[in-house]
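For the record, the sequence lines run as chains U and L.
When we follow the numbering used here, the leftmost residue of the first sequence carries the number 4, and every step to the right adds one.
When we follow the numbering used here, the leftmost residue of the second sequence carries the number 4, and every step to the right adds one.
The reader is advised that the hints may include incorrect statements.
A pair counts as met if it fits within one copy or between any two copies, since identical chains are not told apart.
[Said to hold, decoys possible] Quick list of in silico lysine-lysine cross-link-like pairs, BS3-like style, CA-CA up to 25 Å:
(1) 243 <-> 127
(2) 180 <-> 127
(3) 127 <-> 36
(4) 142 <-> 153
Calculated directly from the structure, the hints in this document are not laboratory data.
2 protein chains.
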Amino acid sequence: MRNFKITVEYNGANFYGWQKQNGKRTVQDELEKTITEVTGETVTVEGSGRTDRGVHALGQVVSFTLESKIPCVGLKKALNNLLPNDIFVKKVEVVDANFHARFSAKKKTYQYIVQVGGDRNAVKNATLAYYPFSVNFEKMEEVSKLMIGKHNFKGFCSSGTNVKDFEREIYDLKIKKKGRIFTFEITGNGFLYNMVRIIVGTLLDVGRDKLTQENVEQALASGKREYAGQTMPACGLYLKRVEYPQNA
Amino acid sequence: MRNFKITVEYNGANFYGWQKQNGKRTVQDELEKTITEVTGETVTVEGSGRTDRGVHALGQVVSFTLESKIPCVGLKKALNNLLPNDIFVKKVEVVDANFHARFSAKKKTYQYIVQVGGDRNAVKNATLAYYPFSVNFEKMEEVSKLMIGKHNFKGFCSSGTNVKDFEREIYDLKIKKKGRIFTFEITGNGFLYNMVRIIVGTLLDVGRDKLTQENVEQALASGKREYAGQTMPACGLYLKRVEYPQNA
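Sequences and hints are given; from them, build the entire structure.
Structure follows, in structure tokens:
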């Protein structure tokens, strides 16, 4: 029995998210089905976390075990030949038996890509969010620093979650601008439901003076959702990277 | 009664092409439905040509007439507010009563975007084609010149068309390369069924030495489809621009 770690890219537009759901097309289902096609074994794969409907991944990490003796290179090739065009396995590794894509994860990095102002882009509608206002980049950058560190992020979390502990640590938050395209890159030890989408919406709302730095401070201090900004749509969100301890 | 010319961008991934078809989602249907929502008038819109399922447009031109006195700016805004995210109206103009998006068209420019070699891109699977081989760019460029001018393009046309006259004139064909991303831009007076997709497939097949310059010359001289290369998938094809006489 070998324990596998695979790194997966997907376009979330035509999936009902990561997690298996009866009768709906999900990434987990497609992966499990394809692994069974290749190896004949029934598997349950574990993702580093769920991604919601419409959310993409550049580096989702997935673990599962197999009896099969298929080499990593052969497994990668066979999976990619059978997987649909919107999923691609970038890397296949055999790892320690204790490795678990979710429980072993130490850091996650999300990317959020949004076009600010201008005409909306119909061709890229499923892979690029759109914010139809102009914003002050420097102001956004400055307020974004408030997010760094350990905070109670309850104010940056959508309801409908069973989580009890809202403390998370953000290690890094960078915003890059290339013309109208803004890319947010956020690294943390974990993220609450819709947290990245709300952080980005809040910073954009600050950028167009709909919210102030004080509102953001209040959202962080009080844990109240109403002080934070809008939840940006799923289409701009990418799970970019999941990091594990050196020995995992 | 005013005659309108609108320029439309769309992502073809979730459409069964341009043309109305009972019960299927098409671009023509979405536009007609939305124009009716805005003006209360029942319209039939004419496109410069059909685009197939999965084919995109950066500048599809569409004409129709309206009794409504709505200004162009207001019509553009109202349409874009109601249209789905995968269609955007870039321009609205009132034109001469004789203008017809299809019959008045003089030149069309298509763009074909393909990634050559490397890992396939799952995130861009619906907007970027993939050719999994490496190619000789200079050879492709050289052979591409054979396409310029008036030719019988029967060898570069899929069956299933009622066309009798296979002569078309290609005014320009350029290939640009940026890393692994190749962009073909082809301008002509008109295109046969799948003609751009077959020209691009043929040039790529020449680039990887699957076809020779002689094969291409034979395809042009004989009108036989078997001498030309593969039909590339719809996802890489964009109707970029339609040109009309100055006074249209």
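Verification of the supplied hints:
Taking CA atoms no more than 25 Å apart as the test, residue 243 paired with residue 127 passes in both settings, with 19 Å inside one copy and 15 Å between copies. When the C-alpha separation of residue 180 and residue 127 is checked against a cutoff of 25 Å, the pair qualifies both within a copy, at 18 Å, and between copies, at 21 Å. Taking CA atoms no more than 25 Å apart as the test, residue 127 paired with residue 36 passes between copies only; the shortest distance there is 23 Å, against 29 Å inside one copy. For a Cα distance limit of 25 Å, the shortest separation of residue 142 from residue 153 inside one copy, 22 Å, qualifies, whereas the shortest one across copies, 58 Å, does not.
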